[in-house]
Amino acid sequence: MSTAAQIRHTFTSSWLNVLLIAAPVSWWLAWSHVSPRWLFVVAALSLVPAAGLIGAATDQLAERAGPTLGGFLNATFGNAAELIIAITALRAHHTAVVKASITGSIIGNLLLVFGLSCVVGGFTHGSQKFNRPSAGPATVMLFLAVVALVMPAVLDLVSFGSLQAHPEEIDRLSFWTSIVLLVVYVAGLVFSFRYNRDPLRAGIAPSKGKHTTIAASLAVLAIGTLLTTVQAEVLIFTLAPALKALGMTELFAGVIIVALVGNAAEHYSAISAARDNKMTLALGISVGSSAQIALMVAPVLVLLSYAFGHPMSLVFNAFEITAIGLSVLAIAIVSLDGESNWLEGLQLLGVYLILALAFFLIPE
Amino acid sequence: MSTAAQIRHTFTSSWLNVLLIAAPVSWWLAWSHVSPRWLFVVAALSLVPAAGLIGAATDQLAERAGPTLGGFLNATFGNAAELIIAITALRAHHTAVVKASITGSIIGNLLLVFGLSCVVGGFTHGSQKFNRPSAGPATVMLFLAVVALVMPAVLDLVSFGSLQAHPEEIDRLSFWTSIVLLVVYVAGLVFSFRYNRDPLRAGIAPSKGKHTTIAASLAVLAIGTLLTTVQAEVLIFTLAPALKALGMTELFAGVIIVALVGNAAEHYSAISAARDNKMTLALGISVGSSAQIALMVAPVLVLLSYAFGHPMSLVFNAFEITAIGLSVLAIAIVSLDGESNWLEGLQLLGVYLILALAFFLIPE
Amino acid sequence: MSTAAQIRHTFTSSWLNVLLIAAPVSWWLAWSHVSPRWLFVVAALSLVPAAGLIGAATDQLAERAGPTLGGFLNATFGNAAELIIAITALRAHHTAVVKASITGSIIGNLLLVFGLSCVVGGFTHGSQKFNRPSAGPATVMLFLAVVALVMPAVLDLVSFGSLQAHPEEIDRLSFWTSIVLLVVYVAGLVFSFRYNRDPLRAGIAPSKGKHTTIAASLAVLAIGTLLTTVQAEVLIFTLAPALKALGMTELFAGVIIVALVGNAAEHYSAISAARDNKMTLALGISVGSSAQIALMVAPVLVLLSYAFGHPMSLVFNAFEITAIGLSVLAIAIVSLDGESNWLEGLQLLGVYLILALAFFLIPE
Numbered sequence: 101m102s103t104a105a106q107i108r109h110t111f112t113s114s115w116l117n118v119l120l121i122a123a124p125v126s127w128w129l130a131w132s133h134v135s136p137r138w139l140f141v142v143a144a145l146s147l148v149p150a151a152g153l154i155g156a157a158t159d160q161l162a163e164r165a166g167p168t169l170g171g172f173l174n175a176t177f178g179n180a181a182e183l184i185i186a187i188t189a190l191r192a193h194h195t196a197v198v199k200a201s202i203t204g205s206i207i208g209n210l211l212l213v214f215g216l217s218c219v220v221g222g223f224t225h226g227s228q229k230f231n232r233p234s235a236g237p238a239t240v241m242l243f244l245a246v247v248a249l250v251m252p253a254v255l256d257l258v259s260f261g262s263l264q265a266h267p268e269e270i271d272r273l274s275f276w277t278s279i280v281l282l283v284v285y286v287a288g289l290v291f292s293f294r295y296n297r298d299p300l301r302a303g304i305a306p307s308k309g310k311h312t313t314i315a316a317s318l319a320v321l322a323i324g325t326l327l328t329t330v331q332a333e334v335l336i337f338t339l340a341p342a343l344k345a346l347g348m349t350e351l352f353a354g355v356i357i358v359a360l361v362g363n364a365a366e367h368y369s370a371i372s373a374a375r376d377n378k379m380t381l382a383l384g385i386s387v388g389s390s391a392q393i394a395l396m397v398a399p400v401l402v403l404l405s406y407a408f409g410h411p412m413s414l415v416f417n418a419f420e421i422t423a424i425g426l427s428v429l430a431i432a433i434v435s436l437d438g439e440s441n442w443l444e445g446l447q448l449l450g451v452y453l454i455l456a457l458a459f460f461l462i463p464e
Numbered sequence: 101m102s103t104a105a106q107i108r109h110t111f112t113s114s115w116l117n118v119l120l121i122a123a124p125v126s127w128w129l130a131w132s133h134v135s136p137r138w139l140f141v142v143a144a145l146s147l148v149p150a151a152g153l154i155g156a157a158t159d160q161l162a163e164r165a166g167p168t169l170g171g172f173l174n175a176t177f178g179n180a181a182e183l184i185i186a187i188t189a190l191r192a193h194h195t196a197v198v199k200a201s202i203t204g205s206i207i208g209n210l211l212l213v214f215g216l217s218c219v220v221g222g223f224t225h226g227s228q229k230f231n232r233p234s235a236g237p238a239t240v241m242l243f244l245a246v247v248a249l250v251m252p253a254v255l256d257l258v259s260f261g262s263l264q265a266h267p268e269e270i271d272r273l274s275f276w277t278s279i280v281l282l283v284v285y286v287a288g289l290v291f292s293f294r295y296n297r298d299p300l301r302a303g304i305a306p307s308k309g310k311h312t313t314i315a316a317s318l319a320v321l322a323i324g325t326l327l328t329t330v331q332a333e334v335l336i337f338t339l340a341p342a343l344k345a346l347g348m349t350e351l352f353a354g355v356i357i358v359a360l361v362g363n364a365a366e367h368y369s370a371i372s373a374a375r376d377n378k379m380t381l382a383l384g385i386s387v388g389s390s391a392q393i394a395l396m397v398a399p400v401l402v403l404l405s406y407a408f409g410h411p412m413s414l415v416f417n418a419f420e421i422t423a424i425g426l427s428v429l430a431i432a433i434v435s436l437d438g439e440s441n442w443l444e445g446l447q448l449l450g451v452y453l454i455l456a457l458a459f460f461l462i463p464e
Numbered sequence: 101m102s103t104a105a106q107i108r109h110t111f112t113s114s115w116l117n118v119l120l121i122a123a124p125v126s127w128w129l130a131w132s133h134v135s136p137r138w139l140f141v142v143a144a145l146s147l148v149p150a151a152g153l154i155g156a157a158t159d160q161l162a163e164r165a166g167p168t169l170g171g172f173l174n175a176t177f178g179n180a181a182e183l184i185i186a187i188t189a190l191r192a193h194h195t196a197v198v199k200a201s202i203t204g205s206i207i208g209n210l211l212l213v214f215g216l217s218c219v220v221g222g223f224t225h226g227s228q229k230f231n232r233p234s235a236g237p238a239t240v241m242l243f244l245a246v247v248a249l250v251m252p253a254v255l256d257l258v259s260f261g262s263l264q265a266h267p268e269e270i271d272r273l274s275f276w277t278s279i280v281l282l283v284v285y286v287a288g289l290v291f292s293f294r295y296n297r298d299p300l301r302a303g304i305a306p307s308k309g310k311h312t313t314i315a316a317s318l319a320v321l322a323i324g325t326l327l328t329t330v331q332a333e334v335l336i337f338t339l340a341p342a343l344k345a346l347g348m349t350e351l352f353a354g355v356i357i358v359a360l361v362g363n364a365a366e367h368y369s370a371i372s373a374a375r376d377n378k379m380t381l382a383l384g385i386s387v388g389s390s391a392q393i394a395l396m397v398a399p400v401l402v403l404l405s406y407a408f409g410h411p412m413s414l415v416f417n418a419f420e421i422t423a424i425g426l427s428v429l430a431i432a433i434v435s436l437d438g439e440s441n442w443l444e445g446l447q448l449l450g451v452y453l454i455l456a457l458a459f460f461l462i463p464e
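Residue numbers (this note's numbering), protein chains in the order written: chain V, 101 to 464; chain H, 101 to 464; chain U, 101 to 464.
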């Protein structure tokens, strides 16, 4: 196949790419000033295939690069779409949306992605077994992230009287805690390269698709990145008026909607894996992607926020911390027995639903 | 045996039924207005055999009905006594007692029932093994209940300033969260019917007693239900003056005393099972009964409270939420190794004792 | 060997004893009033070998005494140095330092000791296996301690408005909770004697050194105890001016520095065990020593505080409770899979570092 044919093949290999039509529609809506509500919805939809293109290109490059460099690529670009959307929001000073979407990505990947995987896999295959220890290191990573979120919040609340206080101590704790998280994350990468056992992406076998040329993959990566960046700009530009029109808080939009859009690819891969009776892979995508958000995306955003002159601390609000803590405990308890079924999936979806209901009802 | 003889047999098969004498004594005390203190104690005692009769009749009916319908009967009537007492308290607007007794039933079943089972079983048999995964689904159910209690409380505390606030959002969250709990509970029943593996009553083998006719069982069920209803009315009627006379808070009475009375049957069955070296069954009764209270009794009470025109939210107080959360974590950690001994039992009793001490010392 | 030679042998068998020179230096510094800062540092250093002597003598006596009495000796004197330092601080009314050093000993033993063990062991031996159930009872003990710390704090905060309130109820709850902890601790000792399976010191094999005479061991024990007592007096005497000079809070000094000094022996033994590929022993020292601090040292200090006429409650501050709770959860999650490696060690060290950063940044 020629490079052009390979690029075309990547675009036509997923039905999700039908949603690419949402991008030009969003531009037309933005130009015509018709409705911030519809612009928001259409821009959000357009981000699903844009993020998917980055994911597909990364997978293709990782496949060519071999396990070591490939693992590094996946670990770095695996959540590139979330990172781009968050950076766009950060530059527009929408700090609350950034934190909310980090929260939503973590709880969504743990509860919604793995919950749906258990339901879909359970209905097709009954009780499914998975390799429990393989999810262990990523679960500990997530627990480390919980500690990193709890301590700044306790410091803020107890020593400075509220979670809205922003004294110098909080910035220093956020900064150094982010460094600790990144160091442990990089140590995890080194560990995986040395032992050929990725602690963050357990059970992820190299895909068996045809090899694509590097040129074609880089082209798709560039297109995907450009499109994600543009559509993220559109989404964040219309955020304030759209939320007002929809009667929705920044918190709910970030936790539920932005997170769903940015993680559509993980949903798709994990559920496919569950349908193929590969629950170790499904659990690996779900827990690994959450850990990546918590230990790589979140600290990078904190450090970048200093460059943007608008420091973002690691102090999340009480709902976000509670939701993340409960989700990590839920996945730890559910993955204990090394077995999953549709009931367990439904229980995880129940946890997600209760959290989502609470986020929906939180007043401004 | 004739139906009358079978009914008589049910009444004479448990020494607990000696306590039935407490019922007429309580009526005499109520009529003579002697002492609210003694009336309270005697009415509480009379509820133990009354609840026991409902349990015995349910078991007999379940045995005849076969696993599917029998499981449904057990799942529905297994905590009928707690439900009747709670509804009586709810109708008399004693919301605090209702929540306290739900809390007490959950922590009592987890810590006291299983703790005593471990001690009794451990002293007779040394180290005892149990089938760990069989308690898994019920543990996840309990965790779901913890989430359902934590989120409304966080919403109330953070957005409305206190756990006493009762805005419309709290009622809406309580209502929909109750629906989610009931849906997952029903899904658990369906799961158990389909796979012949009850997630809430692991290891519960059909009892090997003689079959009793349906007529006799229904008669015992009717008598037990009637007696429980009447005695619950007496107990709740004398509650306020008795607590004043005893210098006891509604919270302590609900968490410790009402809960003990309503769960006497579970205590008896679980400890018997432990003595017979059936720890999987003992754990199943303890965890299963807790889960049933949390996912069936509590949401049903919330929904019924709307019918009574005095909505009860899912916002429990800080002590109750902490106690339930710690108990669920305790049982999860203890049941991890699939082994029990008297030390583990003593540790659970220690947790219960510390919680009970705290509830005793909480001022009005 | 003569008794004198055996005593000399004990003194020369550890290179840590070079630090004994710090004791006379501290006396000279105290006499010359040169610098409270340096006096504090030197007195702290001198406590490391002083605590080490008590540990060595206890080990020698335990070895001679056989498993039953030896286990009792270890269980009683295993944390004698921490106890002596804490009693000295308690008598000088430095309650905050006492609580901080209890906290620091618990989290240090769990995160720093076991974290370093995993890193050192992992680098030398790769992935290491350990006997998971053997750490179970001590983990449940630690969980019991968490409950014992959480309930008084919740009572104080919710019923009396702050963690600084000190009503009679808090003293009563602290007193009785301490009794419960001690009873369960003693029950654990009885359990270990009866089943020859120490729940608090799993995998600790009798050391294979030469037998030392009781006289020599008692002499070393006396010297170690005397030296620890004197140096603890020096340390506590210089505490206030030194902290002022160093710009350090009592909280940070207690949690990080005093705890490090008092637990140097545990660090040394656990890391040696890990280097010899005995991870069950390393985990046993780490978790067992923490449990001993929480269930024996802490309650004894609470009870003693009544004798000193300056009651110390079990109400720790929010940072201490959070740090202990998170550390216990961390060790429970890490020890779940029965396997350790350097990444897991680094993750535990990451948790410790984030906690230490927070304690460092907490203002007075």
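These aren't lab readings, by the way, just hints derived from the structure by calculation. Being a predicted model, the structure only gives us computed values, none of them experimental. Quick reminder that beta carbons are idealized off the backbone N, C-alpha and C, glycines included. Some hints could be false.
Which residues of chain H face chain U? A partial, calculated answer using Cβ under 8 Å [said to hold, decoys possible]:
hint, residue
1, I187
2, E268
3, V400
4, L403
5, L404
6, I433
7, V451
8, L461
Structure-based check of each hint:
Because the beta carbon of I187(H) sits about 28 Å from the nearest beta carbon in chain U, more than 8 Å, this interface hint is broken. Nearest Cβ of chain U to the Cβ of E268(H): about 25 Å, over the 8 Å cut. The hint is violated. For V400(H), the shortest C-beta to C-beta distance to chain U is roughly 28 Å, which exceeds 8 Å, and the interface hint is violated. Taken as an interface hint, L403(H) does not check out: its beta carbon lies about 28 Å from the nearest beta carbon of chain U, beyond 8 Å.
At a threshold of 8 Å, the smallest CB-CB gap from L404(H) to chain U is about 28 Å, leaving the interface hint violated. The beta carbon of I433(H) comes within 6 Å of a beta carbon in chain U, closer than 8 Å, and the hint placing it at the interface holds. The criterion of a C-beta within 8 Å of any C-beta in chain U is met by V451(H), whose closest approach is roughly 5 Å, and the hint holds. Of the supplied interface hints, the one on L461(H) holds, with its beta-carbon coming within about 4 Å of a beta-carbon of chain U, less than 8 Å.
The earlier numbered hints that this structure contradicts are 1, 2, 3, 4 and 5.
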